[in-house]
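Undergrad: The primary structure of each chain is shown beneath.
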Amino acid sequence: MINDLNPAEKYAPLTDVRLSLIADALRDVRNHTLTLFDPLGGDDAWCHGCRVYSRSRNRIILLSQQHTWLTILEEDAELQFTFAIEGIPVRFYRGSPAKPPAHYLVTTHGELAQRQLFPHRNLDRILRIAVETDSEGRVSTVKLVELDSAGEATGVYVIPHDLSETPSATSIEAKPVHVGPVELEPVQKEVPTHERQIEQPETKAKNAK
Amino acid sequence: MSEPGSQSELLWGARSRDLFWGERLQVAREFRGMTQKELSEAVSASPALVSLCESGKKNPSSRDLVEAFGSVLGFEPEFFYGNRQDVFREEECSFRHRRSTPERMKNKIRAHATLIGFVVTRLKKEFRFPEPNIPKLQGDNAEEIESAAEKCRKHWNLGDGPIVEVAHVLEHAGVVIVSQLADVQKVDAFSRFGSTCVIVLNQHIRSTSRWHFDIGHECGHLILHQGIDTGSEETEAAADRFSSAFLMPRKAFARDFRSGSSSLWPQVFALKRRWRTSAAAIIRRGYDLGLLDAVEYRKAHKYMSWKKWTTNGEPEEPAFQQPELLSTALNSLGSKVQLTLEGLRRDLRFLPETFREVTGVNIPSQANRTNAIPFPVTGSN
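Going down the list, the sequences are from chains A and B.
Each step along the first sequence adds one to the number in the numbering used here, with nothing skipped, and position 186 is 171.
Numbers in the numbering used here are just positions in the second sequence, counted from 1, shifted up by 200.
A few of these clues could be false.
[Unchecked claim] Pairs of lysine to aspartate or glutamate, EDC-like flavour, derived with a Cα cap of 20 Å: (1) K160(A) - E350(B); (2) K324(B) - E170(A); (3) K325(B) - D29(A); (4) K354(B) - E170(A).
In case anyone wonders, no lab produced these hints; they're calculated from the structure.
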């Protein structure tokens, strides 16, 4: 198995925790959608693929609303879907890292914009998440693939499972600080000592009565 | 005119034994934006006499002169004989203003702030105001300022997230924030460090994000420049950098900035909604932290200028928040404590219109009626 890319070293924002969160989401969606597959009702591989794609896309959009490090990039083409992990653009597809579909080798408008926005980052390669399935269509592995401009894989990394609950994943976004208004309390004014001394005998007399 | 033996004459007899505070006369005059010459003409006295009275070298020789001072300046004559109060001195104050701001305008604002200080000092006898809790920190260079802002957040237990209510943070630290710079558009903000810490904001500024930055800027002066003369380019730049670092801590802000959208402006406005600072401040912060290079920074500024955001205001302003400490205290008079607004005014020896100008609060007419001196009943029965 090729595992010659250390993403966190080359692309600091691509931590195992973040990649795992996304890979697990893609895995869950695909495996769950498989249970909805109904060949007797007319479902075929094409409609299953479309359903998985739309649901995966939707899941990542929902994740982007929970994590500020994950954003959805604007694309010109309607069916192109690119997200960014702290500004690093990534797309996903089903298939082998060695044979990505031709239309996933194109650098999208969103990816170009990120390169222009962060010129100091080394974004000359494109990054894809390859979702591999077994003979039954269940997800076997999820890999991060780094490709050069010719579409050759220059690095592959197997994304680990179930790291998304690690505390550091949730502590990345700083929580807003809410400070309520000052509660103004009146100053307790002390009764002068001589008044207290005068009052005491009267109080005693009242109590005696 | 007072007749010999009248009530005024008796009061004068009592007053003449007290000390006339020239500083109070100066505060009252500067609050009205008058020069010594203008005041002397208004009360038919010589400018030299006014000057001597203000400097404490001479007490006003006649009661009618003191009454004339009060009448022209909007104070009761007793105002000039009150306790010696904390007058805001030039070296304690910082201004965020334009270069063209005349000295007279600055004196007027300082005098206004001094009068607010009088109000607060009196209110402190009625309410438990937060004790001043302002750390004194060093900030001679960018790194020290960044570090000071982080220490300040730690001192006030603020974490590193966006501050939603900046004014409340300062109010909890014992700073009174008011927005009463009436008729003054050339000064954005003013602050004073002392026994009563005050920040005065320009009520003509309708941009909440700009207010937040102004509060942060004045907070920077209070923390970095205690006992230091401000107004130089260096101190202003340091206060700006502090405000930026305090409102947008470098680590948390950089994380957010990097996780942005594909194009710059949607990303900037997403940050504006979250951090409640202006797009201009966000762009500057991005540049200061190396998240944007010089070319991107200049392009962004050109774009903002083209959109006229610098002159007409930016879109997507956060919800407006008024400072609440002083207004809460004033609104609680007569309900939480026995002292009423009218009682406060009388204690301070302000005329009603002056009280309104200083505090921005009108004394209800009913209170005036309740506290009116009854017409004396004279008769032979």
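Undergrad: All hints are to be evaluated individually against the structure, with a verdict given for each.
TA: Each hint, compared with the structure:
1. Between K160(A) and E350(B) the CA atoms are separated by roughly 16 Å; this keeps the pair inside 20 Å, and the hint holds.
2. Taken as a hint, the K324(B) and E170(A) pair is honoured in the structure, with Cα atoms around 10 Å apart against an allowance of 20 Å.
3. The straight-line distance between the Cα atoms of K325(B) and D29(A) is roughly 81 Å, outside the 20 Å bound, and the hint therefore fails.
4. Simply put, K354(B) and E170(A) have alpha-carbon atoms about 26 Å apart, too far for the 20 Å limit, and the pair is violated.
Hint compliance for this structure: hints 3, 4 are not met, and every other hint is.
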